[in-house]
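K.L.:
These protein sequence lines are chains Y and V, in that order.
With the first letter of the first sequence counted as 1, position 52 gets the number 52 in the numbering used here; the numbers rise by one all the way through.
With the first letter of the second sequence counted as 1, position 122 gets the number 252 in the numbering used here; the numbers rise by one all the way through.
Treat the hints with care, as some may be off.
[Claimed, not checked] Examples of chain V residues toward chain Y, derived with CB under 7 Å:
1) Thr155
2) Pro599
3) Arg600
4) Arg604
5) Gln626
6) Leu627
[Said to hold, decoys possible] Which bits of chain Y does chain V cover? Going by a derived footprint, with three or more residues having C-beta under 8 Å, they are:
7) 11-22
8) 55-66
Think of the hints as simulated: they come from the structure by calculation, not from any bench.
C-beta: ideal position from N, C-alpha, C; glycine also.
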Amino acid sequence: MRFVVTALAAANEVLLFRLGVSEWALPAQRVRQALPPAPETRLPGADALVRGLVAWRGKVLPVLALGARLGCADPPAGHGHLLVIEIEGELAALPVDEVLRVAPASPTADGQVEVEGHPLPLLDLEQVLT
Amino acid sequence: MSHESERRTRRRVTFVDDARRRLETLSASLLALERDPADRAALDEARRALHTLKGNAGLVGLETIAATAHALESALADLPKPQTLTLLTRGLDALSAMVAALAESLGQPAPPIPLVEALSALQPGTPAAPIPSSPVESIPQQVTVSVSHLDALLELVAELRAAQSAMVQGPSEAAERALPRQRRLLRELYDAVLATRLLPVSQAFDGFERLVRDLAASTGRQARLTIEGAETEIDRSALQPVRELLVHLLRNALAHGIELPEERRAAGKPAEGTIRLAARPERDGVTLKVADDGRGLDRQQVATRAVALGLCMAEEAAAMEDGRLWMFLTHPGFSARASADALSGRGVGLSAVRQGVESLRGRLEIASRPGLGTAVRLWLPSQMALEEIVLVRVGPETYAIPQSAVERAGPVEEAAGLPVLDLRERLQVPGAISSEGVLLVCRRHGEQPVGLLVDEVAGRDEAVIQPLPRRARRPGLLGAIVTGDGQVVLTLDVEQL
């Protein structure tokens with residue numbers, strides 16, 4: 001995985017990632033860090049959203065099954081790259097198949113974004129994960 | 131962050147600081163108008179506060195706050211009628227909530243505005259302003275450490291270096307002794323540095339005496355607060371959560387505990403009720419107790435409600451010992467009073483306290499005697515302390531159990547009449563416990579020990595048990611540790627498995 005830096009992202013930049021067969025965009029400033037695959041600890045008790053836990057900088061983060069919410073498959077535990085984000089005041093990790101790059105984007109009329117000439121769906125974290 | 135957004139943030143931080151002062155003033159003015167509806171000076175003060183707030187909010191682009199302040203200002207065109215005052219209080223609550231939310235999003239502490247709380251308490255049915263997300267006048271972001279403490283830290287580091295040298299020199303007797311020594315020294319060093327984070331819990335008690343007096347007075351009662359053990363130290367990160375918990379408990383004591391003066395006199399008690407707040411250090415944490423000398427809890431009422439909510443059967447409730455019965459009060463949606471009065475109208479009660487305590491990995495106990503009073507005791511473990519843990523393997527997975535909970539480990543046959551929990555089943559790990567499984571006998575607070583069945587004891591370690599992220603909390607899980615190789619290991623709560 002190329003090292004993707006989001007710490008200095010500008011407000012109009014998005015992080016591009018692949019989940020299943022689709023490419024998505026996420027405001028880059030929402031991503032604290034993009035991580036290579038990391039060992040995940042299963043959380044007992046069925047929960048559609050929180051599938052496990054992962055350690056980051058000594059902290060314990062829930063791994064949220066983003067794909068399940070978006071209607072596609074999540075990369076299995078230990079396989080996907082992880083996006084560390086903050087949501088509802090807590091840190092969480094989102095597994096994705098591949099982290100692509102950070103790029104400038106402009107909003108389109110229908111709530112998507114245009115990146116380098118093509119439209120891409122923009123992930124609204126609050127809408128999907130709360 | 132770009133220059134522009136930095137500037138914007140700074141302007142908003144300034145706005146928040148000023149807004150809090152305006153809201154305090156507004157709150158005080160509304161309180162004054164509550165007492166004397168003809169107080170023109172208070173009216174003018176309120177209008178000025180709202181006007182300034184509106185203007186400042188507009189300047190930093192906070193349209194909703196500006197619009198709300200404007201609406202309230204219009205409502206104060208003249209001396210307010212009682213209904214208007216109620217609306218104004220709600221407006222004040224809304225403004226405080228907005229400012230607090232803004233403060234949080236800017237990463238600024240948002241200290242509570244005691245007068246706002248007091249005023250909200252006066253208005254029955256007022257939607258609750260969220261319990262403030264920060265306590266205390268700002269907790270200093272720097273610590274003061276005595277020189278002797280620093281010297282002690284340096285000594286520890288020096289000893290660690292010596293131990294390390296012994297190991298680097300290659301295998302030898304000295305090297306063998308050095309490893310456990312290094313472990314011990316690292317532990318001491320960790321504890322010593324952690325100790326610099328401690329602050330007296332009195333910092334969380336700011337304004338409590340007045341809060342109790344004001345809240346009591348607002349419902350025609352008399353009550354005073356006594357505080358013991360205020361010098362007890364806790365980790366600074368626990369100050370804010372502890373404050374919130376105690377405010378809840380104090381409110382409860384006043385709403386459900388302390389009776390009206392006539393009732394008290396008739397019962398042979400002094401007209402003025404007493405609420406005792408006591409803090410005490412324990413070996414591995416602190417206990418905080420809020421006790422009132424009020425009417426106590428009604429077994430019948432609690433049992434009936436518990437049965438009505440389907441939490442247990444009538445026969446169980448009748449036979450249950452007090453302590454366990456009172457714990458139903460911490461169930462979400464449980465409210466011991468049928469009608470909401472000014473203080474208890476919030477309906478939040480002990481459920482929020484229990485959740486708050488659990489997020490600090492603590493425990494809650496309730497004791498009560500009819501006619502004599504109720505006491506709620508919180509035990510909070512030392513935050514971020516290194517604890518001894520036992521690692522166990524259940525199937526392919528590893529879990530941790532605090533050493534302090536484990537009495538002994540032995541072969542399965544030694545179960546002898548103890549309740550046994552098969553951890554593969556309990557944790558939903560596929561497969562069956564191996565024939566060479568181990569039984570860990572664990573002590574439970576106030577109950578019989580329990581035997582936990584695992585595949586193998588995988589070792590021991592020292593680690594900080596972190597509370598789980600909110601979304602991951604489950605009964606039976608105390609928290610999680612992060613091992614040296616970056617893995618998360620769930621720590622089991624023997625009490626709740």
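K.L.:
Hints first: check each against the structure and report whether it holds.
P.N.:
The hints, checked one at a time:
1. Given the 7 Å rule on beta carbons, the hint for Thr155(V) is violated: about 29 Å separates it from the nearest Cβ of chain Y.
2. The beta carbon of Pro599(V) comes within 5 Å of a beta carbon in chain Y, closer than 7 Å, and the hint placing it at the interface holds.
3. At a threshold of 7 Å, the smallest CB-CB gap from Arg600(V) to chain Y is about 6 Å, leaving the interface hint in force.
4. The restraint placing Arg604(V) at the interface with chain Y holds, with a minimum CB-CB distance near 5 Å, inside the 7 Å limit.
5. Interface restraint check for Gln626(V): the shortest CB-CB distance to chain Y comes to about 13 Å, outside 7 Å, so the restraint is violated.
6. At a threshold of 7 Å, the smallest CB-CB gap from Leu627(V) to chain Y is about 11 Å, leaving the interface hint violated.
7. Figure legend: the region 11-22 of chain Y, annotated as covered by chain V; annotation inconsistent (1 residues with Cβ-Cβ distances under 8 Å, at least 3 required).
8. With a cut-off of 8 Å between beta carbons, the region 55-66 of chain Y has 7 residues touching chain V; three or more are needed, and the interface restraint holds.
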